[in-house]
Amino acid sequence: MIAIVDYGAGNMVSVKKAFDWLRQDCIITSSVAEVGKAAKVVLPGVGHFATTESLSRSGLRDAIQTSINRGVPFLGICVGMQWMFEGSEEAPKTRGLGLLEGACGRFPANVKSPHVGWNSIEVKPSSRLFRGVSPSSFVYFTHSYRAPLTDNTTACCEYGGQFAAAAEKDQLFGVQFHPEKSGETGLKILENFCAL
Amino acid sequence: MKGVHFENLRDAGDPAELARTHASSGADEIVLLDISATHEGRATLFETVARTAKQLFIPFTVGGGIRALEDAAAVFAAGADKISINSAALADPSLISRIAERFGSQAVVVAIDAKRSPDSASWGAYTHGGRKPTGRDAILWAKQAEDRGAGEILLTSMDRDGTGIGFDCELTRAVAEAVRIPVIASGGAGGAAHFVEVFRSGAADAALAASIFHYGYSNLSDLKKELGSHGIPVRWPC
Numbered sequence: 177m178i179a180i181v182d183y184g185a186g187n188m189v190s191v192k193k194a195f196d197w198l199r200q201d202c203i204i205t206s207s208v209a210e211v212g213k214a215a216k217v218v219l220p221g222v223g224h225f226a227t228t229e230s231l232s233r234s235g236l237r238d239a240i241q242t243s244i245n246r247g248v249p250f251l252g253i254c255v256g257m258q259w260m261f262e263g264s265e266e267a268p269k270t271r272g273l274g275l276l277e278g279a280c281g282r283f284p285a286n287v288k289s290p291h292v293g294w295n296s297i298e299v300k301p302s303s304r305l306f307r308g309v310s311p312s313s314f315v316y317f318t319h320s321y322r323a324p325l326t327d328n329t330t331a332c333c334e335y336g337g338q339f340a341a342a343a344e345k346d347q348l349f350g351v352q353f354h355p356e357k358s359g360e361t362g363l364k365i366l367e368n369f370c371a372l
Numbered sequence: 073m074k075g076v077h078f079e080n081l082r083d084a085g086d087p088a089e090l091a092r093t094h095a096s097s098g099a100d101e102i103v104l105l106d107i108s109a110t111h112e113g114r115a116t117l118f119e120t121v122a123r124t125a126k127q128l129f130i131p132f133t134v135g136g137g138i139r140a141l142e143d144a145a146a147v148f149a150a151g152a153d154k155i156s157i158n159s160a161a162l163a164d165p166s167l168i169s170r171i172a173e174r175f176g177s178q179a180v181v182v183a184i185d186a187k188r189s190p191d192s193a194s195w196g197a198y199t200h201g202g203r204k205p206t207g208r209d210a211i212l213w214a215k216q217a218e219d220r221g222a223g224e225i226l227l228t229s230m231d232r233d234g235t236g237i238g239f240d241c242e243l244t245r246a247v248a249e250a251v252r253i254p255v256i257a258s259g260g261a262g263g264a265a266h267f268v269e270v271f272r273s274g275a276a277d278a279a280l281a282a283s284i285f286h287y288g289y290s291n292l293s294d295l296k297k298e299l300g301s302h303g304i305p306v307r308w309p310c
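Those protein sequence lines, which keep their order, are chains U and L. Each residue of the first sequence is one higher than the one before, starting from 177 at the first, in the numbering used here. Each residue of the second sequence is one higher than the one before, starting from 73 at the first, in the numbering used here.
The hints are simulated quantities; they were obtained by calculation from the structure and are not laboratory data. Errors might be hidden in some of the hints.
Here are the simulated DSBU-like cross-link-like pairs (lysine-lysine), alpha carbons at most 35 Å apart as the crow flies [said to hold, decoys possible]:
(1) L:Lys-126 x U:Lys-288
(2) U:Lys-213 x L:Lys-126
(3) U:Lys-269 x U:Lys-288
(4) L:Lys-215 x U:Lys-288
Covered stretches of chain L (in silico footprint by chain U; criterion: 3 or more residues with CB under 8 Å from a CB of chain U, positions within the stretch not fixed) [unchecked claim]:
(5) 123 to 130
(6) 165 to 179
(7) 243 to 257
Partner residues aside, some chain L positions facing chain U, computed with beta carbon under 7 Å [what the hints assert, rightly or not]:
(8) Phe-148
(9) Gly-151
(10) Arg-307
Since the structure is predicted, the reported quantities are computational estimates derived from the model, not experimental observations. Cβ atoms here follow ideal geometry from the backbone N, Cα and C, with glycine treated the same way.
With the rest of the complex left out, here is chain U (with noise of 0.2 Å):
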């Protein structure tokens, strides 16, 4: 079962319909206990970092946490991916899991933001999740802040100078892009990660 946990930030219901899409046992859920019983975990998200404040409130956080721990395999997207690093700038004194080294920031002065539509990535080979991905892809963004470049970044996007589109680390895996929103690609790059 894979968990898709709700804290009020956005649409769950476009993630859901992709792993229903793709023959996934899959629940839409804000419980504790059923974040601490699934065998996959994945924290979508669209709008403010603070938002993911209520995660720590309503025990999400450590119920997550312990999955993590316990090696479950964790995909976070967009804000999900952000919550994994240590901090955004959007909201300073939120703090991110801190799963993944730095903080996300904003886009510069010379671009529009957000950053919204298709665009490409440049993927590592060796990245698990973009398994039988084309190396350069297109998917679609929406955001306005972005995730830093580090050792564990498996995609990279162009829009007002680099940033990560993708990280992964073990069974941790962000995205910044909306694979549900990413027609094909999306859809393999989620595959891969109920096949994990």
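Since chain U is already given, all that's left is putting chain L on it; use the hints.
Okay, now just chain L, sitting in the frame of chain U:
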């Protein structure tokens, strides 16, 4: 449904079927506008939205008949990624902020139907499928919509819609330069050259076309190839 100058509406086929066909032939987003909704006072067809969304894995926007936060919530629950509002936002601009606060700005598209003033010096915003002038300046309204939390502007030229003679690049540029959010140009596409023109001289961030695709006037992958050859970045292979 798709019309010429918003009149003579023709039935272009089942929306779910059309959306799937367009997506598999390379469309980057799908916009379902139930443009008769406000006029006839009926709500957006949730069932159609759900059926369309089920097999669609690219961004999906729904507009028409969304008058309140609850209408938007129902459309999102049915599987839409974004809603597009026009008349209701003009009647109560706070609707933009209320939807944006709950679902995020990325989910709120404000559609503006603009028509040139008789002296051609400015553009007015219209509602009810282009039948009612609001007395508002389209460019000022776009800025206000941005301030209220709109994530994108879907800008339709009433003068060009359905004509196939090309987008109104002057209007598009005026709005694109006035706001920092993406502007989707709509109305008037008749061929590949019009798209190149609206991206170049119109400074559009995206372009929308309906009849050109619905009735098979043009093939999407040929269009993308042509845009690519003019140095316009497109998603490829689509």
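Hints and how they fare:
1. The hinted pair formed by L:Lys-126 and U:Lys-288 meets the criterion: a straight-line CA distance of about 31 Å does not exceed 35 Å.
2. Distance restraint check for U:Lys-213 and L:Lys-126: the Cα-Cα separation of roughly 27 Å lies within the 35 Å cut-off, and the hinted pair is therefore satisfied.
3. With a C-alpha separation of about 26 Å, the suggested pairing of U:Lys-269 with U:Lys-288 holds against the 35 Å cut-off.
4. Among the hinted pairs, L:Lys-215 with U:Lys-288 is consistent with the structure: their alpha-carbon atoms are about 15 Å apart, no more than 35 Å.
5. A count of 5 residues in the segment 123 to 130 of chain L with a Cβ less than 8 Å from any Cβ of chain U is obtained; the coverage claim is therefore met, three being the minimum.
6. For a cut-off of 8 Å, the count of residues in the segment 165 to 179 of chain L with a CB near a CB of chain U stands at 5, and the three-residue condition holds.
7. Taking a C-beta to C-beta cut-off of 8 Å, the segment 243 to 257 of chain L contributes 3 residues in contact with chain U, enough for the three needed, and the coverage statement holds.
8. The beta carbon of L:Phe-148 is positioned within 7 Å of a beta carbon in chain U (closest approach about 5 Å), and the interface hint is therefore held.
9. For the restraint placing L:Gly-151 at the interface with chain U, the shortest Cβ-Cβ distance is roughly 5 Å, inside the 7 Å limit, so the hint holds.
10. With a least beta-carbon distance of about 4 Å to chain U, the hint placing L:Arg-307 at the interface is held under the 7 Å criterion.
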